[in-house]
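Chains as they are written, first to last, in our numbering: chain A, 6 to 296; chain B, -15 to 147.
Any given hint might turn out to be false.
Derived DEER-like restraints, expressed as beta-carbon distance ranges [as the list claims (entries may be wrong)]: (1) A:His164 x B:Gly(-1): 53 to 61 Å; (2) A:Tyr245 x B:Leu110: 29 to 37 Å; (3) A:Pro131 x B:Leu129: 52 to 60 Å; (4) A:Ala62 x B:Leu110: 51 to 59 Å; (5) A:Ala38 x B:Gly(-1): 46 to 54 Å; (6) A:Ser129 x B:Thr125: 54 to 62 Å; (7) B:Leu129 x A:Tyr245: 34 to 42 Å; (8) B:Gly(-1) x A:Gly197: 16 to 24 Å; (9) A:Thr200 x B:Arg68: 53 to 61 Å; (10) B:Arg72 x A:Ser267: 20 to 28 Å; (11) B:Gly118 x A:Glu238: 49 to 57 Å; (12) B:Ala119 x A:Tyr150: 32 to 40 Å; (13) B:Arg68 x A:His224: 53 to 61 Å.
To spell it out: a stretch of chain A is covered by chain B in this simulated footprint if at least three of its residues, at any positions, have a beta carbon under 8 Å from a beta carbon of chain B; those stretches are [said to hold, decoys possible]: (14) 211 to 217; (15) 241 to 253.
Calculated directly from the structure, the hints in this document are not laboratory data. Quick reminder that beta carbons are idealized off the backbone N, C-alpha and C, glycines included.
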Amino acid sequence: MSPSHPVHEGAGASLPGWGLAAALALLALALSAYAVAARRARRAPRGWSGLRTASFALGVALLAAALVPSLAHTAHHDPRVHMLQHLLIGMYAPLALVMAAPLTLALRTLPTARRRPVARVLRSRPLHVLGHPATALLLDTGGLYLVHLTPVHAAAQTHPAVHALVHLHYLAAGYLFAWSVAGPDPAPRRPGTATRLTALILAVAAHSFLAKLLYAHPHTWPPGAEHTALAGEAAQLMYYGGDLAELLLAVALFAAWYRRRSRTPRPPAAASPPNRRPHASGDPQERSAPR
Amino acid sequence: MGTGRGSEGHGPRLGRSLAATALIGTGLMAAVDEIVFHQILAWHHFYDRSTPMVALMSDGLLHAGELVALVAGFFLLADLCRRRALHRRAAWAGLLLGLGGFQLFDGVIDHKVLRLHQIRYGVDLLPYDLAWNGAAVLLLTAGALTAWWARRAPGTGRPTAPR
């Protein structure tokens, strides 16, 4: 990217060969585990939607595509490809994976003894805090700002480990956000639609603001990055590419709302069944969660 | 962004029908603006380099609202149709009000107050601004008249009461 660096050195910040092999192996492992579990769940009375399986496969494929050496290499010289890589890792792949409901699948197919620890984690307080849309928003969007407005970007350009960590963070935070806002997987104590909608709107706003900021001040941000003529196009890709991903997330959120409304024929507000613990289950979606 | 402030009464939901399509209208006009004027005609710019930071921030928030409004409106509309609670005239009124409302907002706040961008560059802006905001006022008037008509004749668009 930098003119002072020869071309081959630029590739230094992409994953080393063994790292790439390990990542791809991990993806293949995840996909086969999901496929095996989905096969088992399909035979059960409740079945398992082929669309969910396809969504998981799509998520894995998008991640694999983002990691392909030729793309990763080009990404190092072309900010547009770099942005595309980030969109795939941080937004599209996580959304596809979340929509595949891997946790629900695991809970349905695991033996009862193994299901318990999963359920315990789901009920734990740290997970409730982590899975709150506000936390997820902070981690996801905060990470995005941190990478683009601080020297983290320059560090990622030179250190492969930092680069890999940034990608890992994009994936994890993107998954967390998509799950907390619209995930079909069980999410105890998930706040209501209004809160999740607010988080989504703030995420879209922060994303488009950052994209226009990068477009407007390519010499200032990201600090330490070499300014190229393509930076503006990369920022536009961030804007429109992010929009499309967030539009899909909004559709997922409202589709879940729509489905819930059909299941609950407008319950009278007064009579709610007494819960064992107050606030034990805030979300009607939980009812569909496997026990 | 407007929220679904529908009257929670029974029968066809006049307020809710209006709110749902107003959301769609807002998002639709924003999308038309983006696609036709930014992308196809390339009259507007993605970003006019003289925009102050605060304007950029509020632009981001607005943009987010429009995006979500479009999706929210469609699902609210689908829900009303499913419950046979759609008030057709109110829905048309809402659409027109949404379209006109966004157009006027864009023409006055975005272009003139925030100065995010202008309609077109290198031309005399006055006729463009007049046409833009004139169209907005026309749409709003048509929407208001339709809303009045919907209110006056509430019998239409009421196939059955919702369950």
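Against the structure, the hints:
In this structure the supplied range 53 to 61 Å holds for His164 of chain A paired with Gly(-1) of chain B, their Cβ-Cβ distance being about 57 Å. Checked against the given bound of 29 to 37 Å, the beta carbons of Tyr245 of chain A and Leu110 of chain B, roughly 31 Å apart, stay inside it. Evaluation of the 52 to 60 Å hint for Pro131 of chain A and Leu129 of chain B yields a pass: the beta carbon distance comes to about 56 Å. The given range of 51 to 59 Å is respected by Ala62 of chain A and Leu110 of chain B, whose C-beta atoms sit roughly 56 Å from each other.
Checked against the hint of 46 to 54 Å, the pair Ala38 of chain A and Gly(-1) of chain B passes, with Cβ atoms roughly 50 Å apart. A hinted range of 54 to 62 Å holds for the C-beta pair Ser129 of chain A and Thr125 of chain B, which are about 57 Å apart. Separated by about 37 Å at the C-beta atoms, Leu129 of chain B and Tyr245 of chain A satisfy the suggested range of 34 to 42 Å. For Gly(-1) of chain B and Gly197 of chain A, the Cβ-Cβ distance of about 21 Å falls inside the hinted range of 16 to 24 Å, so the restraint holds.
Checked against the given bound of 53 to 61 Å, the beta carbons of Thr200 of chain A and Arg68 of chain B, roughly 30 Å apart, lie outside it. The hint said 20 to 28 Å for the Cβ distance between Arg72 of chain B and Ser267 of chain A, and at roughly 22 Å that hint holds. Evaluation of the 49 to 57 Å hint for Gly118 of chain B and Glu238 of chain A yields a failure: the beta carbon distance comes to about 35 Å. Range check, Ala119 of chain B to Tyr150 of chain A: about 38 Å between beta-carbon atoms, so the 32 to 40 Å window is met.
Checked against the hint of 53 to 61 Å, the pair Arg68 of chain B and His224 of chain A passes, with Cβ atoms roughly 58 Å apart. Coverage of the stretch 211 to 217 of chain A by chain B holds [criterion: at least 3 residues with CB-CB distance below 8 Å; count 5]. Coverage of the stretch 241 to 253 of chain A by chain B holds. Counting CB-CB distances below 8 Å, 5 residues qualify, and the rule asks for three or more.
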